[in-house]
Amino acid sequence: MELNTSFVDASNVKASAAKDFKNINTSNMEDEALRKVSDDFESFFTQQLLDISLKSSSIAGEGTGSDIVKGMYTEALSQQSKGGVGISDLLYDFLSKNNK
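Start counting the sequence shown at -14; every next residue gets the next number (my numbering).
Derived from the structure by calculation, the hints contain no laboratory data.
A few of these clues could be false.
Subject to a maximum C-alpha distance of 27 angstroms in a straight line, what follows is the list of computed DSSO-like cross-link-like pairs (lysine-lysine) [to be verified]:
#	residue 1	residue 2
1	K82	K21
2	K55	K40
3	K67	K55
4	K40	K67
5	K82	K55
6	K67	K82
7	K40	K82
Cβ pair distances, simulated, as ranges [unchecked claim]:
#	residue 1	residue 2	range
8	G46	S12	31 to 39 angstroms
9	E47	S12	50 to 58 angstroms
10	G50	D25	37 to 45 angstroms
11	A18	G46	17 to 25 angstroms
12	S43	E15	39 to 47 angstroms
13	Q65	V22	16 to 24 angstroms
14	S42	S81	32 to 40 angstroms
15	F26	G56	26 to 34 angstroms
16	N13	E47	27 to 35 angstroms
17	E15	G56	15 to 23 angstroms
Ideal Cβ placement from N, Cα and C applies to all residues, glycine included.
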């Protein structure tokens, strides 16, 4: 069995391609990633609070599907309030100052 390697032209491959990545500023990407993680944590925390507070309520009715509906409701509320409660900002500020 013979491999066909004619589709790769080795003369076009740069030997110094890895050196080009040293000049990329990653601080912006790190800030965006840290902001996303902070927002996601706030969303998770908010959903946990809502799940606990609505556990014994009948906001979604009673019966088999009420727990599923409550879970979907609390997830939607927590996703919509992501970054709006203030926990995300506190966490982001703390982590960004202590990360340097």
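So, going through the hints one by one against the coordinates:
Distance check on the hinted pair: K82 and K21 sit about 16 angstroms apart at the alpha-carbon level, within 27 angstroms; holds. A C-alpha spacing of about 8 angstroms is found between K55 and K40, which places the hinted pair at or below 27 angstroms, so the restraint holds. Restraint check: the Cα-Cα separation between K67 and K55 comes to about 18 angstroms, which is no more than 27 angstroms; the hinted pair holds. Between K40 and K67 the CA atoms are separated by roughly 21 angstroms; this keeps the pair inside 27 angstroms, and the hint holds.
For a cut-off of 27 angstroms, the pair hint linking K82 to K55 is broken: about 37 angstroms separates their Cα positions. Our distance criterion of 27 angstroms between C-alpha atoms is met by K67 and K82, whose separation comes to about 22 angstroms. As the CA atoms of K40 and K82 are separated by approximately 37 angstroms, the hinted pair breaks the 27 angstroms bound. A hinted range of 31 to 39 angstroms is violated for the C-beta pair G46 and S12, which are about 50 angstroms apart.
Separated by about 52 angstroms at the C-beta atoms, E47 and S12 satisfy the suggested range of 50 to 58 angstroms. A C-beta distance of roughly 27 angstroms is found between G50 and D25, which places it outside the suggested range of 37 to 45 angstroms. Under the hint 17 to 25 angstroms, the C-beta atoms of A18 and G46, about 40 angstroms apart, miss the expected range. The hint said 39 to 47 angstroms for the Cβ distance between S43 and E15, and at roughly 45 angstroms that hint holds.
Judged by the Cβ atoms, the range 16 to 24 angstroms given for Q65 and V22 holds: they are separated by roughly 19 angstroms. Between S42 and S81 the beta carbons are some 38 angstroms apart, a value that agrees with the proposed interval 32 to 40 angstroms. Distance hint check for F26 and G56: the Cβ-Cβ separation is about 19 angstroms, which falls outside the suggested range of 26 to 34 angstroms. N13 and E47 have their C-beta atoms about 50 angstroms apart, which leaves the hinted 27 to 35 angstroms range violated.
Separated by about 33 angstroms at the C-beta atoms, E15 and G56 break the suggested range of 15 to 23 angstroms.
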